[in-house]
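Listed below, chain by chain, are the residues.
4 protein chains.
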Amino acid sequence: MQTLLRTIYDDVKPLVGQGKVADYIPALASVNPHQFGIAIYSNQGELFQIGDADVPFSIQSISKVFSLTLAIKHYGADMWQRVGREPSGLPFNSLVQLEYENGIPRNPFINAGAIVVSDMNQSRFASPHYAMREFVRRLSGNPDLKTDQVVADSEYEFRHRNAAMAYLMQSYGNFENSVEEVLKSYFSNCALRMSCVDLAKAFNFLANKGYCSISKEQVISEQEARQVNALMATSGMYDEAGSFAFQVGLPGKSGVGGGIVAIVPNRFSICVWSPALNKVGNSSAGVAALESMTKHIGWSVY
Amino acid sequence: MQTLLRTIYDDVKPLVGQGKVADYIPALASVNPHQFGIAIYSNQGELFQIGDADVPFSIQSISKVFSLTLAIKHYGADMWQRVGREPSGLPFNSLVQLEYENGIPRNPFINAGAIVVSDMNQSRFASPHYAMREFVRRLSGNPDLKTDQVVADSEYEFRHRNAAMAYLMQSYGNFENSVEEVLKSYFSNCALRMSCVDLAKAFNFLANKGYCSISKEQVISEQEARQVNALMATSGMYDEAGSFAFQVGLPGKSGVGGGIVAIVPNRFSICVWSPALNKVGNSSAGVAALESMTKHIGWSVY
Amino acid sequence: MQTLLRTIYDDVKPLVGQGKVADYIPALASVNPHQFGIAIYSNQGELFQIGDADVPFSIQSISKVFSLTLAIKHYGADMWQRVGREPSGLPFNSLVQLEYENGIPRNPFINAGAIVVSDMNQSRFASPHYAMREFVRRLSGNPDLKTDQVVADSEYEFRHRNAAMAYLMQSYGNFENSVEEVLKSYFSNCALRMSCVDLAKAFNFLANKGYCSISKEQVISEQEARQVNALMATSGMYDEAGSFAFQVGLPGKSGVGGGIVAIVPNRFSICVWSPALNKVGNSSAGVAALESMTKHIGWSVY
Amino acid sequence: MQTLLRTIYDDVKPLVGQGKVADYIPALASVNPHQFGIAIYSNQGELFQIGDADVPFSIQSISKVFSLTLAIKHYGADMWQRVGREPSGLPFNSLVQLEYENGIPRNPFINAGAIVVSDMNQSRFASPHYAMREFVRRLSGNPDLKTDQVVADSEYEFRHRNAAMAYLMQSYGNFENSVEEVLKSYFSNCALRMSCVDLAKAFNFLANKGYCSISKEQVISEQEARQVNALMATSGMYDEAGSFAFQVGLPGKSGVGGGIVAIVPNRFSICVWSPALNKVGNSSAGVAALESMTKHIGWSVY
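Residue numbers (UniProt numbering), protein chains in the order written: chain A, 1 to 302; chain B, 1 to 302; chain C, 1 to 302; chain D, 1 to 302.
Mixed in with the good hints there might be a few duds.
Stated by the list, open to error - With a straight-line Cα cutoff of 16 Å, these simulated EDC-like cross-link-like pairs (lysine to aspartate or glutamate) come out:
no. : chain 1 : residue 1 : chain 2 : residue 2
1   : A       : Lys295    : B       : Glu224
2   : D       : Lys295    : C       : Glu224
3   : D       : Lys295    : C       : Glu222
4   : B       : Lys295    : A       : Asp239
5   : C       : Lys295    : D       : Asp10
6   : B       : Lys146    : B       : Glu157
7   : B       : Lys295    : A       : Glu224
8   : A       : Lys279    : A       : Glu222
9   : C       : Lys73     : C       : Asp239
10  : C       : Lys209    : D       : Asp23
11  : D       : Lys295    : D       : Asp10
12  : B       : Lys146    : B       : Glu134
To be verified - Computed beta-carbon distance windows for the label pairs:
no. : chain 1 : residue 1 : chain 2 : residue 2 : range
13  : C       : Gln2      : D       : Ser213    : 34 to 40 Å
14  : B       : Ser178    : D       : Val150    : 49 to 55 Å
15  : B       : Asn32     : D       : Gln223    : 55 to 61 Å
16  : C       : Phe158    : D       : Ser221    : 56 to 62 Å
As the list claims (entries may be wrong) - Residues from chain A that face chain B, not an exhaustive set, calculated with beta carbons under 7 Å:
no. : residue
17  : Gly89
18  : Pro143
19  : Arg226
20  : Gln227
21  : Pro251
22  : Pro265
23  : Arg267
24  : Trp299
25  : Ser300
26  : Val301
27  : Tyr302
No lab work stands behind these hints: they were computed from the structure. Note that CB positions come from ideal geometry on N, CA and C, so glycine has one too.
Please model the complete structure; the sequences and the hints are all you need to start from.
Next up, the structure:
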């Protein structure tokens, strides 16, 4: 496996830096685009890594999977009354889609859906971000995971579009808490800093029938773990979920920090990271690395 | 397996007839809703069946997978310049989506996409419907498969919405042949009559790395077969693809005739059929049967 | 004229109460639907009135014309960089329209447009609502006009949809002040209480080439007055502007409190009021009364 | 008046040729953009003209007013069950608007609406284009008006988008005849060639309470004439109707051939023509000429 990782790494290295680092907030724009790391964690607890796999980065939308998992643990199947499970189609109609479907977002991985999930967690925890961070520290076995408060504050300052969606959902009665408070928790979750190694470990329960071998806990049931994977497979990669399924064939979730996690059910959890993004906001080198893995190992679930 | 099939059949039997038979054309509206069949075909050539698994029905949108396979055989990866691979979001905006994306339909399983695929096949075959029927006869090993011309004519008579989409694509230059001719081929393909047994056999190549053990041919490459499965997984079940992935976890394709095919990669191809449809147009009993299988056997790919 | 007013009043009286009083906030829902009044004020200072023409009611969206006039006085033609002058089409796409046109609302009479106009006035006045109320007291010659604080507070409590639009405009850079502060001013303006007589007087400057004969001031230029009338003619009646032009043929502006003002250029300003609304939110009896006037007097500008 | 016409002509002359001649079909693209004419016809039968006012050009969408008038003559108020009277908002959503409103176009001046009006006339006349041309010859007093068959054929060849709309309306049951036949009539109407003088005369009945002093006939009732003017005022100028009302203040109808007709109710009918178009498809010099008239003469109806 380590040899294979080296092959893939060398294959993709020339692409690193192609694309554009996220720049909608200054704190993200200053990241060095030439970083690139891969970590693979097996259900047996083996760790394989290469490149900048120990460098922490802003996990951004990858945090949506952790929030979702926390909400599933508490609300179970009831949570699907407030958020759908369907892919979302075009980005341009995110708001009209909320209108058309009476304030129920299409899935928990579009922003509107993740904000509703944050609202669910806000109703349950006194400090939802701390609860989430503790949860992720446990899953990854890394008690030192930190929140980048500069990033969180900067996201909040430019919250307007997300605030618009939250208020629109509130107008349909699909919101329980203060929009401002929920957005603060939501942005803090996005601003968590983790390395490829941290994320490969923290996501292993999804490859392992819901069981985390690091914290020795059944995080969610086997069926629920497969369901989270199914949601990642159909909606985890922004407006590229279909192409990603087509090219890579694994459930995956990306973030604008340049990280992508992917699950090989019953076997491995993977995290690749490189900050430069393609047009739809996924890591260019990250997608290429996962395509290369699929070609070399034939991991597609399909 | 046969015992299991009996359990599932008995589980789901009480649901048969719930919902509504497709009635947008008279020829489909008169089907008896109380029919229900299941067929499973293994990569080793074993056939398991129960109920009305030998009764032919109108395959409708299931034909889109055959047309797509024919187009892939001829055009390979080039075909993706004319049709996308992303899930499509809301049904209400199918036309605005075509406008927004310059006449390129989102995927080959929405009507606009399947019509473009038919246009590709029209450019290639003198008689595209006959070519397609011969192809399917070969895959299923059944030389007697027939087209229901009454259904095909009736669909053509009520072609207006599909004609609107075809003309809109033509206005963007994404159409090569006469709209009327292409629609005739397209509706003839939809009007093919096959049984659960026929379909389970004809779809086996997608479970078997692109190889059809009945006709002894490599239909498409292993990678292409996985890609077709990926497309079914993200876009095969109308506006229920996400829920189907969530609940069943298999690539699937449904038709308004009440049939659903599903693929267990590397192992089985399945066809369930019952004519009464749920709100989004998928067979109610069919979806229930596949959910029951997933629960009993744990076939989810995720 | 007074005889004519009696004829129209008797004609329309049977329709009074048909439709539904606005009930999205409790404070409006409790209004007696059987009230009906008409006031006409001529450029020569003659007042004609009938029915409940002296009863104050919540002017609601009629206030948008006053806010617009204040903004025109200060910003002149520059203001049209931040808000358009085109009719808005379907209500369902108000948010997607803002997205499509980069946060520039179509006209100052849809909510998004009126909120941007309020934002302009917020940048200019320390207390924009008091400035507006003083302005209207002067135009109407009634120093006792009051704001219904219960209505204003209730609107603010249910501000979510308007807040969504304001935040969306802010995400496009078309907002200068705090969303919360601007909405408070906006709702206070809507909650002003005026009678038909007050409104007929306060709007007379639009019939009189921009000159208010009550306050003896040139409020805006003749050209600007005609332009405000043109905006009312194309966009003043929610999703009924076209029908209103077709049936009545006068520039008009309605509010969900049941009031409608209309302008007969160079001659009269009119206000009709009856709280029960038709499907698009205009006073049923009010529209009928204006249609009856047009039929009896031939006041259409077209 | 003739002096005034000279002033306006000299004012606007420097703008002639600015913009872009319609080029979606070759037959229109070859028109010399430097032509410019104005004709004014009074209700008393006086004719004022300047520049290229006798040169025939393709009337294009101006023909929609003639078709509408013919339909009103036959169907009266019943026709409004098949087409609306509201402005249409954004061009990008013409198709989704038809979907949202069940195949009823918003007004008779958008393409979908004009095509439905053509379908009405098709149901009534054996040769709807000849009927229309005879009607216009009578109104203008010019028996030599001709159809440019090259233009009509070319429009038909590029009919795809209009065909898409017609088929979509047919899918909603709002179409009575063959799509192909109706489009042929529709394009022939658009391809009629008339000069400014012809059009000023032919439109005079709308300024003259429905009476044509040339053919000595009451074309439609006074009320109907005002209603047609109201429709032009709210929807006659593509996506510039609001600005045109704001700047010019007259009911108007434009065509991509560069012509614009405008009505001064009870006094004059006007036609200006210059082929170069602004961004929304209205004659640049034509709009400027009408703005200049409004400034010099104060003809705004508002």
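So, going through the hints one by one against the coordinates:
1. A:Lys295 / B:Glu224: holds (12 Å)
2. D:Lys295 / C:Glu224: holds (12 Å)
3. D:Lys295 / C:Glu222: Roughly 11 Å between the alpha carbons, so the hint for Lys295 (chain D) and Glu222 (chain C) holds.
4. B:Lys295 / A:Asp239: This hinted pair is violated, its Cα atoms lying about 31 Å apart.
5. C:Lys295 / D:Asp10: Violated: Lys295 (chain C) and Asp10 (chain D) sit about 42 Å apart, past 16 Å.
6. B:Lys146 / B:Glu157: violated (20 Å)
7. B:Lys295 / A:Glu224: Judged against 16 Å, a Cα distance of about 12 Å means the pair holds.
8. A:Lys279 / A:Glu222: violated (35 Å)
9. C:Lys73 / C:Asp239: violated (28 Å)
10. C:Lys209 / D:Asp23: Roughly 43 Å separates the two Cα atoms, so the pair is violated.
11. D:Lys295 / D:Asp10: holds (15 Å)
12. B:Lys146 / B:Glu134: Holds: Lys146 (chain B) and Glu134 (chain B) sit about 10 Å apart, inside 16 Å.
13. C:Gln2 / D:Ser213: 34 to 40 Å: holds (38 Å)
14. B:Ser178 / D:Val150: 49 to 55 Å: With a Cβ separation near 23 Å, Ser178 (chain B) and Val150 (chain D) fall outside 49 to 55 Å, so the hint is violated.
15. B:Asn32 / D:Gln223: 55 to 61 Å: About 58 Å separates the Cβ atoms of Asn32 (chain B) and Gln223 (chain D), which means 55 to 61 Å holds.
16. C:Phe158 / D:Ser221: 56 to 62 Å: Violated: the Cβ-Cβ distance is about 46 Å, outside 56 to 62 Å.
17. Gly89: Given a least distance of 2 Å, the restraint on Gly89 (chain A) holds.
18. Pro143: Violated: closest Cβ of chain B sits about 30 Å from Pro143 (chain A), beyond 7 Å.
19. Arg226: Holds - the Cβ of Arg226 (chain A) comes within 7 Å of chain B, reaching about 5 Å at its closest.
20. Gln227: Result: holds, 5 Å to nearest chain B Cβ.
21. Pro251: holds (6 Å)
22. Pro265: holds (6 Å)
23. Arg267: This hint is violated: Arg267 (chain A) lies away from chain B, its Cβ roughly 13 Å from the closest one there, beyond 7 Å.
24. Trp299: violated (10 Å)
25. Ser300: Check passed: Cβ of Ser300 (chain A) comes within 5 Å of chain B, closer than 7 Å.
26. Val301: Nearest chain B Cβ about 4 Å off; hint holds.
27. Tyr302: holds (4 Å)
Of the hints listed earlier, those the structure fails to meet are numbers 4, 5, 6, 8, 9, 10, 14, 16, 18, 23, 24, in rising order.
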